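A.B. asks: Below, each chain spelled out in residue letters.
Protein chains: 4
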Amino acid sequence: MSVHRDLDWRSVSRARRDEYAGTHRPRVVRVGTVEVGGARPVVIAGPCAVESRAQTLEIARACADAGADLLRGGAWKPRTSPYAFQGLGVEGLEILAEARATTGLPIVTEVLDVRMLAVVEQFADVLQIGSRNMQNYPLLTEAGRTRKPVLLKRGMCATLQEWLCAAEYVVRGGNEDVILCERGIRALGNGEYDRNTLDLNVVPAAIERTWLPVIVDPSHGTGVASMVPRAALAAVAYGAHGLLIEVLAEDGKPEDARCDGDQGVRPSTLRKVVEGIPAVLGAVGAESEVRA
Amino acid sequence: MSVHRDLDWRSVSRARRDEYAGTHRPRVVRVGTVEVGGARPVVIAGPCAVESRAQTLEIARACADAGADLLRGGAWKPRTSPYAFQGLGVEGLEILAEARATTGLPIVTEVLDVRMLAVVEQFADVLQIGSRNMQNYPLLTEAGRTRKPVLLKRGMCATLQEWLCAAEYVVRGGNEDVILCERGIRALGNGEYDRNTLDLNVVPAAIERTWLPVIVDPSHGTGVASMVPRAALAAVAYGAHGLLIEVLAEDGKPEDARCDGDQGVRPSTLRKVVEGIPAVLGAVGAESEVRA
Amino acid sequence: MSVHRDLDWRSVSRARRDEYAGTHRPRVVRVGTVEVGGARPVVIAGPCAVESRAQTLEIARACADAGADLLRGGAWKPRTSPYAFQGLGVEGLEILAEARATTGLPIVTEVLDVRMLAVVEQFADVLQIGSRNMQNYPLLTEAGRTRKPVLLKRGMCATLQEWLCAAEYVVRGGNEDVILCERGIRALGNGEYDRNTLDLNVVPAAIERTWLPVIVDPSHGTGVASMVPRAALAAVAYGAHGLLIEVLAEDGKPEDARCDGDQGVRPSTLRKVVEGIPAVLGAVGAESEVRA
Amino acid sequence: MSVHRDLDWRSVSRARRDEYAGTHRPRVVRVGTVEVGGARPVVIAGPCAVESRAQTLEIARACADAGADLLRGGAWKPRTSPYAFQGLGVEGLEILAEARATTGLPIVTEVLDVRMLAVVEQFADVLQIGSRNMQNYPLLTEAGRTRKPVLLKRGMCATLQEWLCAAEYVVRGGNEDVILCERGIRALGNGEYDRNTLDLNVVPAAIERTWLPVIVDPSHGTGVASMVPRAALAAVAYGAHGLLIEVLAEDGKPEDARCDGDQGVRPSTLRKVVEGIPAVLGAVGAESEVRA
Chain A
1 MSVHRDLDWR
11 SVSRARRDEY
21 AGTHRPRVVR
31 VGTVEVGGAR
41 PVVIAGPCAV
51 ESRAQTLEIA
61 RACADAGADL
71 LRGGAWKPRT
81 SPYAFQGLGV
91 EGLEILAEAR
101 ATTGLPIVTE
111 VLDVRMLAVV
121 EQFADVLQIG
131 SRNMQNYPLL
141 TEAGRTRKPV
151 LLKRGMCATL
161 QEWLCAAEYV
171 VRGGNEDVIL
181 CERGIRALGN
191 GEYDRNTLDL
201 NVVPAAIERT
211 WLPVIVDPSH
221 GTGVASMVPR
231 AALAAVAYGA
241 HGLLIEVLAE
251 DGKPEDARCD
261 GDQGVRPSTL
271 RKVVEGIPAV
281 LGAVGAESEV
291 RA
Chain B
1 MSVHRDLDWR
11 SVSRARRDEY
21 AGTHRPRVVR
31 VGTVEVGGAR
41 PVVIAGPCAV
51 ESRAQTLEIA
61 RACADAGADL
71 LRGGAWKPRT
81 SPYAFQGLGV
91 EGLEILAEAR
101 ATTGLPIVTE
111 VLDVRMLAVV
121 EQFADVLQIG
131 SRNMQNYPLL
141 TEAGRTRKPV
151 LLKRGMCATL
161 QEWLCAAEYV
171 VRGGNEDVIL
181 CERGIRALGN
191 GEYDRNTLDL
201 NVVPAAIERT
211 WLPVIVDPSH
221 GTGVASMVPR
231 AALAAVAYGA
241 HGLLIEVLAE
251 DGKPEDARCD
261 GDQGVRPSTL
271 RKVVEGIPAV
281 LGAVGAESEV
291 RA
Chain C
1 MSVHRDLDWR
11 SVSRARRDEY
21 AGTHRPRVVR
31 VGTVEVGGAR
41 PVVIAGPCAV
51 ESRAQTLEIA
61 RACADAGADL
71 LRGGAWKPRT
81 SPYAFQGLGV
91 EGLEILAEAR
101 ATTGLPIVTE
111 VLDVRMLAVV
121 EQFADVLQIG
131 SRNMQNYPLL
141 TEAGRTRKPV
151 LLKRGMCATL
161 QEWLCAAEYV
171 VRGGNEDVIL
181 CERGIRALGN
191 GEYDRNTLDL
201 NVVPAAIERT
211 WLPVIVDPSH
221 GTGVASMVPR
231 AALAAVAYGA
241 HGLLIEVLAE
251 DGKPEDARCD
261 GDQGVRPSTL
271 RKVVEGIPAV
281 LGAVGAESEV
291 RA
Chain D
1 MSVHRDLDWR
11 SVSRARRDEY
21 AGTHRPRVVR
31 VGTVEVGGAR
41 PVVIAGPCAV
51 ESRAQTLEIA
61 RACADAGADL
71 LRGGAWKPRT
81 SPYAFQGLGV
91 EGLEILAEAR
101 ATTGLPIVTE
111 VLDVRMLAVV
121 EQFADVLQIG
131 SRNMQNYPLL
141 TEAGRTRKPV
151 LLKRGMCATL
161 QEWLCAAEYV
171 VRGGNEDVIL
181 CERGIRALGN
191 GEYDRNTLDL
201 NVVPAAIERT
211 WLPVIVDPSH
221 GTGVASMVPR
231 AALAAVAYGA
241 HGLLIEVLAE
251 DGKPEDARCD
261 GDQGVRPSTL
271 RKVVEGIPAV
281 LGAVGAESEV
291 RA
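Residue numbers (the numbering used here), protein chains in the order written: chain A, 1 to 292; chain B, 1 to 292; chain C, 1 to 292; chain D, 1 to 292.
Hints were generated in silico from the structure; no laboratory data involved.
One or more hints might be untrue.
[To be verified] Short, incomplete list of chain D residues facing chain A, as computed with Cβ under 7 Å:
#	residue
1	38
2	39
3	160
4	198
5	199
6	201
7	234
8	280
Fair warning: this is a prediction, and the values are worked out from it, not measured in the lab.
The beta-carbon is built from N, C-alpha and C at its ideal position, and this holds for glycine as well.
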C-alpha cells in the first residue's frame, strides 16, 4: 500500500549514480572548510534556541573550544504550544552571525516558513529543515532552489523511503548538498525513559540506499542529557557522518533554558565526545572490515 | 518530558469554556446551511484529487445525490514522491467552484502552502490542513487569521495534546471554526492489512477535552475501500460529528485514479453509509444513556 | 524479513478451505447452544477476575439478565506486577461453575499455565488464551489437543500473520474451534487517553484471510469504561462476530475491583449495548451491500 | 492507566538496595569464571539454533577462538510458524554439553516450556527466557526457584517497567542472578530496513533503575548481519554489560541456516567486535566523566 521505489527518489539513489554505486562513500558536502561526509565525522553543536546575545556567544565560544566544527542555534523554533518561546527571529540570525564572526564556525539554523527562506538564506551556512517540516513540500522545493546545504531531519514517524523522497524534493531542484539527520522516532519508551527512540539502524540502511551523508542528533534522539554522550559515540560506531548536539552554558541551569533544557549537555561533556570519536572510529575499523 | 497541559490549549479546552464545560456538546461550525457539530453527523465526500472537470463534476453530482452535505477535492496534493501527481492548482479550484455551483454543496479543499492561502480562501468554504501540515505553525497561524472554517487533520503520529495545541494556533488567531479530523495513525498493521490504523478511541477522548467538533476520515483511516463503509458507521457509533469520505466515479477504475484509488468508494456505497447513519445513532442512543 | 505466508497458517486459511473460500462466512463454533459465528454477534460478559463467590454470582446474574450469551471471569490472572492479585485459582473455577449452574451461561476462562490446562478444561466451556500467551507455543499446542473451544486473544503487538500462525498451532492439533479476539494494540495514544488502541481494521482483514470467527474486546481495547459501549457497537459495525465485555456490579466501585476496575461497565450499560446491536447490524446491511 | 511503580519491582530496584543506590554499579552475575556485570562487557556467541553436532561444534570452537566468553544455542526454538524448525530438544542440549566440554565455554540456552525447565536446568549454565515469554509468569516464577542465572529478554513491545516487573517475578523467588537483555522493539522501520528497532536508550535507563546487569542482542536488534558489528559496539558505547551475538559457520550460507540466517555474523567478524570493545570503552571513559 503506497509503496515507493527507488524511482521515487531517483536522484538520491546510490544505485543510480555510477560515482557512488557499489560503495559506501557519501557525497562530501562542503560548508566553508568543513566537509560533511569527509574523512571524519563532523560535530555540529550549539544552543537549542538563540535566547540572547550573551547566551549564544558564550555557548558558541565554548563549543568552538570543545572542538565543534559547526555552530547550531534556532532563531525560529517550531513549538508544540503556541504559548512557548518561539525564537527571536531575525534578531536571532544577527546574533548567530556575530557568533560566527567571533568563533569562525559556520552556522546551521532552521527555516520553518517558506516566506522566511530568503532572509535565513542570507545568514545561514546550512539551512535546517526540522522534523515537523519533513513533508512540507513547498519548503523542500524552495530549499532545492537555493545553493545552501540543507540539513534535513527525519520526521518523527517517517519511513526511510519517505525521508529519501523528501530529500528528492530538494535535490531535483538542483541542490545536491543535502545532509540527512536521524533524530529519533516515536516509539514505545517515549515518555517513560526517553523523549524519542534513537533509531541507529536507519544510519547504515540509509547509507546503503543513498549517497547523501547521514548524521545523528542524539539530543532529540534521547531527550536526556546524561544519555547524549553515549548515544553520540554509538552513532559514530554505527557509521554516522556527523553529530548534532545541543549545548547549555557550562554553569547554566537546564530549567532556565527556554527550550529543551533537559537534553542539553555541557561544553566539557561535548569535549569528551569529540575526544572519544577517534577511538570509536578505530574500533569499528575500515568499512571493509566491519561490514560483515 | 515535554508534557503539555490544558494551559497550552487553553482556548479550545472544554473545561475552560463555561458554555461547554460539563457537557459533551460541540461548537456548531456553520458552512452555508450545513452545521458541523449540529443535530446529525455531516458527510463530506468527493474525489481524492480534482483530476479533471468531467471527473469532478460527475463525482460531485453523484455525491450530492447520495446525500453528502459538503464536497471535498484536492487542488494541491501533498505527495510523498515528487514525481506523483501534484494536483491541478488554481484550475482545480475553479473546477471545484463550478461543482459547487452545479450541486449547491459547499467546498472543502486543502491548502498546503502558506503563500497560496489567499487564493484558496477565495474559492473554498472550508480550508483543509492535512496531516503532514498539522505542525506547520506558520500555516496554522495564517489560517487563524482567515474567517473560513478550518478542517484540521491529525498528524500521523500526533498525540491528542499535540493536535489540540495545533488547533490552538488557529483559534487564538480569532478563528474558532475549527473541525478536528481523525484520519488514522501509524501503527503495526500498516502495510500488512491497512494503510493507517483508524484510532476511534481518540474521538470520545477529544470530545471530552475540547468543544471543537470531531470528524473521522475512514478513507485514509483504512486505505482499503471495502473497509470504508464499516469504518464510517463505526465512527458514528463512537460519536463522530461527521465523516470525510473519498469517492470514485461509479464506473471508474481504482487504478485510473491519479491519487489513492484503492481507498475510494462508489457513490452507491456512499449512499448506503448515509442511509445507515440514523440506525447507528439510534443504537448508541442519547449521550446520557451510552456514556457509562 | 521473516515474512510469513498462507502456507504457515494453512489450516486456518480461508482460501485453502473450499467450504469458506470466496465467502465471508465464518465457522460456527458451538458452545452449548450458543453459536459463535452464527446468525448474530454473541456477547461474552462478566467480571475481569473472580474475586469472590458473592461478587461473581451477582455479576453473572446481572449479565444473564442483560442478555449475555456467555459468562467470562478469570480464576488465574496474568499480572504485570507479581504483587497484584493473581486470582483465586481452582476456587475461582468452582465459583464459575456455580455461576454457570445458576445462570445457565457457559463459562469462558483463561488458562495461563500449561500444567493447569487439565483442571481448567474440566470446568471451562471455552479456554481463553490471553495476549501475553499468544506466542506461548507449548500452551497453544496443548490447547490444540483438547476438544474445548479456544478463545485466542491477539498479542499486544502481534501482526495479523503472527496471530493466524498462533491459531494454526491450535488447529493443526485437531481443534478447529478457535475464536480470534482483537483486544487493542500498543500504539501512540496509550497512557494519554486510552490503555490500548482498538484496532478494528483487523476485523475485516482477518475475516478475509481466515474462516475462524473474530470477536472484539472493547474493555481492554479502550481501558476506559465510558468508551466501551461505543467501541462495542463500532466493533459490530466492523463485522465482529461477538464481543467480550468486562462488567462491574451495578453499584460496585471501580476502585474496589481487584483488577482493571477502570474499564468495567455496569450491567445496565451492557443491556443497552445488547439492545443496540440489531440496529447496527441493520445499518451495515448484508455483506453484499456494505462491502464496496 | 495501569501505572507501575518501584514498589512493583521492589527487589530489583536500585534505589531500594543500599549496596547499589546512588551508583551505576551492577550486580556481578557469575557463570563459572565469567562475570556478567564485571570489569568488562562479556560476549555471548553461538548459533541461533543447534542444528547438528557438527554445525554446533564448529561454531562453538570458532566463537571460543574469536574471544567469546559464553556459548549460546537454542535446543527449543519458539517459532512463529508451527511448520518452521522447532529445535532438536534434548538432543540439542546434549550437543551443547559436548560443545561446552570441548571449548570450556559455559552454555546459555532457552527454556520455553515450564515442563522442560528441570531438564534444561541440568544442562544449561544460564537459562534464557525469550521475548515471547517475558510475561509467561509461571515460567518466570519457576525460574526464580532454580539457582541458575536467568537471561531475561525484553518483550517485543514491553515497557521498561513491565520488563523490571518480569525480572521481579524471578528475583522474589530467591534467584537474584538475572541478566536483562535488550533485543529490539517493534517500531516503524521493521520490515523496511530492519527486523526490530534496537532501543539502546533503554540500556542507561535500565541501569539507572535496577542493579541487574543489562546486555544487548544486536542480532535480533537489527536482523541484518551487516549491521551487527556496528550495533554491538554501539551497545558497548551505551554502557551495556555484554553482548549476545548469533554466529554462522565461517563458510556457511545464510540461506542454509534453519533459523534466522540473515542475522548471523561470521566468526571473523565476531573477533573484530571483541577486539573493538576496549577502544570503545576507552572512548566512553569512566562513568563519572561520560555521564553528564
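A.B. asks: Each hint: holds or not?
C.D. replies: Verification of the supplied hints:
no. : hint : result
1   : 38   : violated (19 Å)
2   : 39   : violated (18 Å)
3   : 160  : holds (6 Å)
4   : 198  : holds (6 Å)
5   : 199  : holds (6 Å)
6   : 201  : holds (4 Å)
7   : 234  : holds (4 Å)
8   : 280  : holds (5 Å)
This entry does not satisfy hints 1 and 2, going by the numbered hints stated previously.
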